[in-house]
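K.L.:
Each chain, letter by letter, is given below.
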Amino acid sequence: MTDHTVTQKHRSRLSEGFSDFVKRFYWRDYVVYITFLVIFTTFSISLVDDGFLSRNNLLNIMRQTATISVMAVAMTFVLASAEIDLSVGAVAGLASVITAIIIGQYGLFLGIIAGLLTGALIGIINGALITRVGIPSFLVTLGMQGIATGTAMWITDTAPIPIANKTYTHIFGSGNFGPVPSLIVWTLIALAIGHTVFRHTPYGRQVLATGGNEIAARYSGINTKKIKFYTFALMSTVAGLAGMLYAGRLHSGRFQWGQGDELSVIAAVVLGGTSLFGGKGSVIGTIIGAILIGLINNGLILMGLDASQQMIIRGAIIILAVALTGRKQQS
Amino acid sequence: MSSTIVQMQGITKSFNTIPVLNQVNFELRKGEIHALLGENGAGKSTLMKILRGVYQADAGKIIVQGHEVKLASSSDARNNGISMVFQEFSLIPTLSVAQNIYLTREPRSKFGLLDDRECEKRSKSLFDEMEVDIDPKSLVEELSTGYRQLTEIATALSQEARILILDEPTASLTHTETLALFSLMRRLKEKGISIIYISHRMEEIFQIADRITVLRDGQNIITDDVDNLTIQEVIEHILGKKAEKALQWEENTCVDRSQTLLEITNVSCNRGVKDISLSLFKGEVLGLAGLMGSGRTELIQAIFGMNPIKSGEIRVKGNKISIQNPESAMRAQIALIPEDRRLQGLILIHSIKDNFVLPMIKLNRLQRRKLFVDDQKGNDLSIHYLNKFKIRSDSINKVVGLLSGGNQQKVVISKWLSTDPEILLMDEPTAGVDIGTKGEIIEIVRQLAGEGKGVIFVSSELQELLAVCDRILIIKKGKVEQELDRNQISSEERLHQILQGA
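Top to bottom, those sequences are chains A and B. Just so we're aligned, residue 13 is where the first sequence starts under my numbering, counting upward by one. Just so we're aligned, residue 8 is where the second sequence starts under my numbering, counting upward by one.
By construction, these hints were calculated from the structure, which means they are not laboratory data. There could be a bad hint or two in this list.
What the hints assert, rightly or not - Below are the DSSO-like pairs computed for lysine-lysine, each with C-alpha atoms no more than 27 Å apart in a straight line:
hint: 1; chain 1: A; residue 1: K292; chain 2: B; residue 2: K405
hint: 2; chain 1: B; residue 1: K377; chain 2: A; residue 2: K238
hint: 3; chain 1: B; residue 1: K384; chain 2: B; residue 2: K327
hint: 4; chain 1: B; residue 1: K68; chain 2: B; residue 2: K56
hint: 5; chain 1: B; residue 1: K317; chain 2: B; residue 2: K484
hint: 6; chain 1: B; residue 1: K384; chain 2: A; residue 2: K292
hint: 7; chain 1: A; residue 1: K237; chain 2: A; residue 2: K292
hint: 8; chain 1: B; residue 1: K77; chain 2: A; residue 2: K237
hint: 9; chain 1: B; residue 1: K405; chain 2: B; residue 2: K56
hint: 10; chain 1: A; residue 1: K292; chain 2: A; residue 2: K238
hint: 11; chain 1: B; residue 1: K281; chain 2: B; residue 2: K484
hint: 12; chain 1: B; residue 1: K317; chain 2: A; residue 2: K238
hint: 13; chain 1: B; residue 1: K377; chain 2: A; residue 2: K292
hint: 14; chain 1: A; residue 1: K237; chain 2: B; residue 2: K377
To be verified - What the simulated footprint calls covered on chain A by chain B, stretch by stretch (three residues with Cβ under 8 Å from a Cβ of chain B suffice, anywhere in the stretch; the number is not a length):
hint: 15; region: 126-133
hint: 16; region: 228-239
hint: 17; region: 304-315
Just so you know, even glycine gets a beta-carbon here, dropped at the ideal spot from N, CA and C.
Build out the structure end to end from the sequences listed, making use of the hints.
P.N.:
See below:
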């Protein structure tokens with residue numbers, strides 16, 4: 013008798029546990045992973061004869077998305093703090109140009125420093141205008157996009173600046189570290205550092221709090237302006253690094269490198285489950301989102317679609333995935 | 008003999024097998040003000056959502072004006088004359104009053120264009136009928152909270168509402184605004200409109216309501232005329248068996264007048280504070296009483312670094328400190344429980360735990376190997392406070408916005424107590440929480456004083472101030488008007504008179 017009730021109780025607790033799990037499993041939080049698996053499987057089956065699964069093709073996808081991935085990691089912080097940065101692509105282009113010029117004249121070391129400083133300086137200007145002067149980030153970075161691209165065009169007369177330094181191109185994009193292409197290593201470094209900082213440091217938590225409710229964050233002692241300032245400085249510095257990766261991969265600096273990337277970067281971050289309204293985000297999701305975009309690009313090319321068709325399908329897939337991510341408002 | 012306009016019979020509703028309403032009967036008469044009372048979680052808002060067509064009952068029927076109706080959506084409810092005036096305002100601030108009232112139902116001119124003039128004319132006649140003076144052309148953002156609420160009521164009336172649901176309408180109103188609302192409610196009543204009035208404020212209910220229904224644990228405990236009940240009886244019905252001594256004054260023996268925790272001398276701010284001096288002793292609860300806008304909130308925000316101090320000095324335990332921002336206040340072991348928990352106290356989309364750890368992270372109290380946040384410690388501490396304050400939630404990972412007001416407030420309090428403050432500034436800590444939680448919060452304040460901390464307690468509820476404070480400062484126009492020892496105040500009426508300047 014007692015035994016019986018005990019087992020029954022036990023069983024009902026088990027089933028409660030399971031239904032609890034089902035209830036808590038918000039599948040919308042995992043849309044990017046599910047979409048990734050679905051697309052990957054579809055392409056693997058339908059494009060097997062076109063060499064989709066070949067080692068070279070897969071590595072290629074990773075290499076081509078590396079610059080987007082690296083910028084998207086930093087963009088996760090920007091969106092999570094409920095801001096936006098539209099200047100990243102242009103900053104990457106300017107940094108590639110500056111790096112190429114300085115390497116040509118003053119050598120490797122100063123070239124790397126100059127590229128990073130270019131990004132950092134623009135980030136500081138963005139951050140100061142947004143937090144000190146109080147101009148919305150959308151406008152500041154939209155303006156900065158023009159300024160950065162214009163500067164890059166002006167100082168180069170719109171011509172590409174070749175980079176002859178083998179060490180540079182090897183480290184920043186063309187070479188391998190052991191068996192692994194350097195661009196993949198850069199992606200992994202960005203992922204590891206980004207994820208740790210986002211999830212496990214006071215700065216990351218304060219970014220989320222600032223984006224979740226800026227007023228409550230201030231009442232909790234957080235200097236939300238400082239947090240946003242750092243976030244913009246970080247974003248542009250990383251965009252500068254991405255520009256240097258372009259320069260390494262393409263053996264030159266040019267204003268066009270990275271042009272229009274801000275849209276792919278923001279799409280990758282939002283696909284990865286970060287809220288455009290701030291307060292919620294994931295760096296791992298971001299990287300998967302970036303690779304997913306690369307995967308789609310690659311698959312569509314292998315399918316033999318022309319550029320116009322690729323653009324249409326790419327756009328549709330992104331809208332669909334983001335629509336699925338938008339969690340229904342809980343009442 | 009008034010007739011019944013709404014009858015809800017045997018309403019039963021559960022969520023995920025948890026019963027929320029159990030066989031509830033509720034009856035509303037034509038032209039009455041019917042107060043609906045109960046603790047948070049007693050089922051009031053679920054019952055009202057069923058009446059508004061937001062939820063559907065699992066069992067039971069709803070009869071409106073003699074006909075059984077199915078309310079499957081809020082437009083069904085509106086067609087039956089049922090309208091809700093929202094606690095969180097649903098007006099669009101940048102549109103005019105008239106545009107808001109007729110939003111989506113704008114009168115059209117000959118060519119099918121919007122006819123703003125007609126819209127304003129109709130709004131004007133609505134306001135005339137309500138006997139309130141609002142210019143239909145003014146923008147909603149220029150209106151005070153009270154007028155916004157009146158605009159919402161006008162919107163409901165423009166839709167031929169016969170039954171109005173008011174949820175905590177006076178929560179953010181000043182005294183005069185409240186009186187204006189009450190006289191409007193009486194006029195509506197005479198016109199045969201029925202009002203369901205949800206509030207936690209007993210005095211107001213006894214001023215305005217005709218009948219009272221109390222819900223507890225999803226059941227109708229009592230429905231009766233106000234005249235047949237006393238406040239004490241109603242509170243007992245709301246709380247059930249729980250003893251009610253929270254709101255009675257107990258002599259505090261812990262005040263140590265030889266040790267001053269906080270001393271403020273001639274502090275002035277650009278906003279709201281003019282030359283205020285006060286001191287707070289160890290183990291003392293110091294009350295700040297004053298009307299809304301008197302400067303009490305501005306004063307404690309200044310102490311917490313949210314309202315820049317222009318002149319004057321602040322000493323904590325005798326040491327002069329400079330407070331430029333909340334962080335410097337926190338480093339001086341000062342904590343603020345802000346007045347608006349949803350806006351200032353919490354990040355509603357984050358979990359209990361993420362809210363809880365925020366101040367500790369800021370103070371570097373949750374560090375692991377210098378750089379990282381120690382999540383394990385944060386989890387343990389939040390579980391500790393969850394149990395200590397009986398916060399009703401199945402886990403610390405629950406999103407804070409889904410908790411009831413009382414539980415949210417307990418999260419705010421525990422978030423600050425975890426930083427181990429010596430001086431607690433509490434701004435309306437019991438606003439919008441149910442009576443049960445209110446008692447618990449007051450008990451927490453007493454305990455804190457017992458542990459030798461100092462508390463500055465701001466409240467609009469005099470009963471509460473009298474229950475917990477050892478001294479009360481009357482604040483008026485940014486200045487300390489009077490200082491009263493608790494023993495000098497004979498009754499709530501006396502304090503009320505002092506506040507009104509009599």
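K.L.:
Evaluate each hint against the coordinates.
P.N.:
For each hint, the structure was consulted:
1. A C-alpha spacing of about 15 Å is found between A:K292 and B:K405, which places the hinted pair at or below 27 Å, so the restraint holds.
2. Straight-line distance between C-alpha atoms of B:K377 and A:K238 comes to about 20 Å, which keeps the hinted pair within the 27 Å bound.
3. With a C-alpha separation of about 33 Å, the suggested pairing of B:K384 with B:K327 is violated against the 27 Å cut-off.
4. About 14 Å separates the Cα atoms of B:K68 and B:K56, which keeps this hinted pair within 27 Å; it holds.
5. Among the hinted pairs, B:K317 with B:K484 is consistent with the structure: their alpha-carbon atoms are about 17 Å apart, no more than 27 Å.
6. A C-alpha spacing of about 22 Å is found between B:K384 and A:K292, which places the hinted pair at or below 27 Å, so the restraint holds.
7. The hinted pair formed by A:K237 and A:K292 meets the criterion: a straight-line CA distance of about 19 Å does not exceed 27 Å.
8. For the hint pairing B:K77 with A:K237, the CA-to-CA distance comes to about 52 Å; that exceeds 27 Å, so the pair is violated.
9. As the CA atoms of B:K405 and B:K56 are separated by approximately 23 Å, the hinted pair is consistent with the 27 Å bound.
10. A C-alpha spacing of about 19 Å is found between A:K292 and A:K238, which places the hinted pair at or below 27 Å, so the restraint holds.
11. Straight-line distance between C-alpha atoms of B:K281 and B:K484 comes to about 8 Å, which keeps the hinted pair within the 27 Å bound.
12. Restraint check: the Cα-Cα separation between B:K317 and A:K238 comes to about 23 Å, which is no more than 27 Å; the hinted pair holds.
13. Taking the CA atoms of B:K377 and A:K292, the gap is near 25 Å; set against the 27 Å cutoff, the hint holds.
14. For the hint linking A:K237 to B:K377, the alpha-carbon distance of about 23 Å falls within 27 Å, and the restraint holds.
15. Look at the region 126-133 of chain A against chain B: 0 of its residues bring a Cβ nearer than 8 Å to a Cβ of that chain, fewer than three, so the hint is violated.
16. With 8 residues having a beta carbon nearer than 8 Å to a beta carbon of chain B, the region 228-239 of chain A meets the requirement of three or more and the stated coverage holds.
17. Beta-carbon proximity to chain B at under 8 Å applies to 0 residues in the region 304-315 of chain A; the threshold of 3 is not reached and the given coverage is violated.
In this structure, the hints that do not hold are numbers 3, 8, 15, 17, in rising order.
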